[in-house]
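Using the sequences and the hints, build the whole thing.
Protein chains in written order, with the working numbering: chain V, 1 to 204; chain L, 1 to 347.
One or more hints might be untrue.
To be verified - Under the rule of at most 25 Å between Cα atoms (straight-line distance), these lysine to aspartate or glutamate pairs were calculated in the DMTMM-like manner:
hint, chain 1, residue 1, chain 2, residue 2
1, L, Lys105, V, Asp95
2, L, Lys270, L, Glu123
3, L, Lys105, L, Glu129
4, L, Lys105, V, Asp85
5, L, Lys105, V, Glu20
6, L, Lys270, L, Glu129
7, L, Lys105, L, Asp161
8, L, Lys105, V, Glu49
9, L, Lys207, L, Asp152
10, L, Lys105, L, Glu2
11, L, Lys270, L, Asp198
12, L, Lys270, L, Asp152
Said to hold, decoys possible - From the structure, some residues in chain L lie toward chain V, with a derived Cβ separation under 8 Å:
hint, residue
13, Asp61
14, Val69
15, Pro71
16, Val101
It should be emphasised that the hints constitute simulated quantities derived from the structure, not laboratory data. Using N, Cα and C, we set each Cβ at its ideal position, and we do this for glycine too.
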Amino acid sequence: MSGLIAIDTSGPVPVVAAREAGSLRYAEVGDQPRAHAEEIGPMLLAARELLTAAPAAVVVGRGPGAYTGLRVGIVAARTLGWAWDVPVLGICSLDVLAAQSPGFTGTVVTDARRGELYWARYRAGSRVEGPGVAGRDELGGLSGPVLGDAELIGDPDRRRAGTTVLAPSALASAAVLAQTTDLADAQDTEPIYLRRPDIGASRG
Amino acid sequence: MEPLVLGIETSCDETAVGIVRGDVLLSEAIASSAPEHARFGGVVPEVASRAHLDAMVPMLDLACRRAGVVPSDLDAIAVTSGPGLVGALLVGAASAKALAVSLDKPLYGVNHLAAHVAVDRLEHGPLPEPLVALLVSGGHSSLLLIPDITSDVRPLGATIDDAAGEAFDKVARLLGLPFPGGPAIDAAARNGDALFVDFPRGLTAPKDREQHRFDFSFSGLKTAVARWVEAQQRAGVSISVPDVSASFQEAVVDVLVAKALDACAEHASKDLLIGGGVAANSRLRAFAVQRAADVGVRVRVPRPGLCTDNGAMVAALGGLVVQRGIHPSALGFPSTSHQPVHDVVLP
Numbered sequence: 001m002s003g004l005i006a007i008d009t010s011g012p013v014p015v016v017a018a019r020e021a022g023s024l025r026y027a028e029v030g031d032q033p034r035a036h037a038e039e040i041g042p043m044l045l046a047a048r049e050l051l052t053a054a055p056a057a058v059v060v061g062r063g064p065g066a067y068t069g070l071r072v073g074i075v076a077a078r079t080l081g082w083a084w085d086v087p088v089l090g091i092c093s094l095d096v097l098a099a100q101s102p103g104f105t106g107t108v109v110t111d112a113r114r115g116e117l118y119w120a121r122y123r124a125g126s127r128v129e130g131p132g133v134a135g136r137d138e139l140g141g142l143s144g145p146v147l148g149d150a151e152l153i154g155d156p157d158r159r160r161a162g163t164t165v166l167a168p169s170a171l172a173s174a175a176v177l178a179q180t181t182d183l184a185d186a187q188d189t190e191p192i193y194l195r196r197p198d199i200g201a202s203r204g
Numbered sequence: 001m002e003p004l005v006l007g008i009e010t011s012c013d014e015t016a017v018g019i020v021r022g023d024v025l026l027s028e029a030i031a032s033s034a035p036e037h038a039r040f041g042g043v044v045p046e047v048a049s050r051a052h053l054d055a056m057v058p059m060l061d062l063a064c065r066r067a068g069v070v071p072s073d074l075d076a077i078a079v080t081s082g083p084g085l086v087g088a089l090l091v092g093a094a095s096a097k098a099l100a101v102s103l104d105k106p107l108y109g110v111n112h113l114a115a116h117v118a119v120d121r122l123e124h125g126p127l128p129e130p131l132v133a134l135l136v137s138g139g140h141s142s143l144l145l146i147p148d149i150t151s152d153v154r155p156l157g158a159t160i161d162d163a164a165g166e167a168f169d170k171v172a173r174l175l176g177l178p179f180p181g182g183p184a185i186d187a188a189a190r191n192g193d194a195l196f197v198d199f200p201r202g203l204t205a206p207k208d209r210e211q212h213r214f215d216f217s218f219s220g221l222k223t224a225v226a227r228w229v230e231a232q233q234r235a236g237v238s239i240s241v242p243d244v245s246a247s248f249q250e251a252v253v254d255v256l257v258a259k260a261l262d263a264c265a266e267h268a269s270k271d272l273l274i275g276g277g278v279a280a281n282s283r284l285r286a287f288a289v290q291r292a293a294d295v296g297v298r299v300r301v302p303r304p305g306l307c308t309d310n311g312a313m314v315a316a317l318g319g320l321v322v323q324r325g326i327h328p329s330a331l332g333f334p335s336t337s338h339q340p341v342h343d344v345v346l347p
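See below:
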């Protein structure tokens, strides 16, 4: 595979990366919270301009994450794939975080708001349970290694007994996304919402 | 040759793509999530946004196939940047930005209301200037003065409470008619007596002419219909849905047409354009044509399929904007629920 563009908008800011001829050409993280659709345009342009040709594939994080931002990345990836006539490959966004710690065993968590966390459990780098959404208490106190924002886990000092708290970095996610190679079973780009829509009619 | 422009519209519950070359509509593709909203009696934003994500690329593909073009043939992309439901707008905007980047073509974030006006060039040729436009839909009720649809659109008035289409939806619910209410009331009213009940005409009293000459209000009308229906029910009198529908519809249409023609007189416009979903109402079309003829005003109303939200309207406006040499929008442009109508193209 030659070039690749990767997008993940499951977090508070968009992450975009591009790879070509085996090297990382672009890896950027947005800096305006909840402005995914504004930031993704210039980021995609910058990534595209650093490639010598249209990429051979597009990779996208499927979430879980905040719905509105998540859709921005997925629809952008699908559109790029359609326009360039190349495959679009989906990856669980929690897997991207887990891959920052090679061979990770433990729980990855991200902010699901409303006092809840998105979570998945890994053994030796492979996801063995989840993704799911749950209250902090329902996750059994999150014992063992946890990969996620320390404030979110309720251990700002990173000292909880029996717990190793690793902080993921969005920039590292970009690098992981761009290095994605094992995509044989990744044709699914459906968003991982994990929650049903809130129902309440609005004036159109 | 005139530019080949693709337009994307996702401001409410329609995922729509249209392709135009100049004044010629080449293709349209529309997926609607309206059936998913029907049981809630109104559009549910998150349901609409999820449906846009599912339908966006299939509609892009269908529009291109129907037009017999491939993406790289396109000269420019236009997309509705607002007003509308933000979560819904963002899906179209993100797709449009990705498309513009992938094809290395200019992108224009355009105003939904201006697009409702511009679409008529596909139906009736170049727009007269100046033009008065009455835009009425489930989300909007506005009167506009338009010296130049690509750069000079001036709001004259708007609803101060419910949109006209919203009033149709609410009254339909009162009368046990289905959502969306506009087509249901239009159909029921055909067998009704428009003079059966003399419902109030909002903001038409002499005192309102000073502050609200070109504004609308439909909330009081909706309440008047509700009270009338309750009074009949209390008295044990059965309600004639056709008569109440016709009387309500007449009150809405009467005010819309009177104020639109007043605007034409005030601004010396000999042309009135009616657009938006409510422009598909048969009584509004007939009444406007009849009244306008009395005062020498020509009425332009696009066919119903171009009045409701569609992608062709966005492409039609985009095409004009390209021809006038207006600078494309920056790729970081925002999508906003209340984009003012004078912002026709975002910088």
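Hints and how they fare:
The hinted pair formed by Lys105/L and Asp95/V fails the criterion: a straight-line CA distance of about 34 Å is larger than 25 Å. The straight-line distance between the Cα atoms of Lys270/L and Glu123/L is roughly 19 Å, inside the 25 Å bound, and the hint therefore holds. A C-alpha spacing of about 30 Å is found between Lys105/L and Glu129/L, which places the hinted pair above 25 Å, so the restraint is violated. A distance of roughly 17 Å separates the Cα atoms of Lys105/L and Asp85/V; the hinted pair therefore holds under the 25 Å criterion.
Taking the CA atoms of Lys105/L and Glu20/V, the gap is about 23 Å. The hint holds against a cut of 25 Å. Under the criterion of a C-alpha separation no larger than 25 Å, the hint pairing Lys270/L with Glu129/L is consistent with the structure, at around 9 Å. Proximity of Lys105/L to Asp161/L is assessed by CA-CA distance (about 40 Å); at most 25 Å being required, the pair is judged violated. The straight-line distance between the Cα atoms of Lys105/L and Glu49/V is roughly 13 Å, inside the 25 Å bound, and the hint therefore holds.
Taking the CA atoms of Lys207/L and Asp152/L, the gap is near 30 Å; set against the 25 Å cutoff, the hint is violated. For the hint linking Lys105/L to Glu2/L, the alpha-carbon distance of about 15 Å falls within 25 Å, and the restraint holds. Of the pairs offered as hints, the one joining Lys270/L and Asp198/L is violated, with about 31 Å between alpha carbons and a cut-off of 25 Å exceeded. Proximity of Lys270/L to Asp152/L is assessed by CA-CA distance (about 18 Å); at most 25 Å being required, the pair is judged to hold.
Evaluation of the Asp61/L hint against chain V yields a held restraint, the C-beta minimum of about 6 Å falling below 8 Å. Given the 8 Å rule on beta carbons, the hint for Val69/L is violated: about 12 Å separates it from the nearest Cβ of chain V. The criterion of a C-beta within 8 Å of any C-beta in chain V is met by Pro71/L, whose closest approach is roughly 5 Å, and the hint holds. Nearest Cβ of chain V to the Cβ of Val101/L: about 5 Å, under the 8 Å cut. The hint holds.
Checked against the numbered hints above, the structure breaks hints 1, 3, 7, 9, 11, 14 and satisfies the rest.
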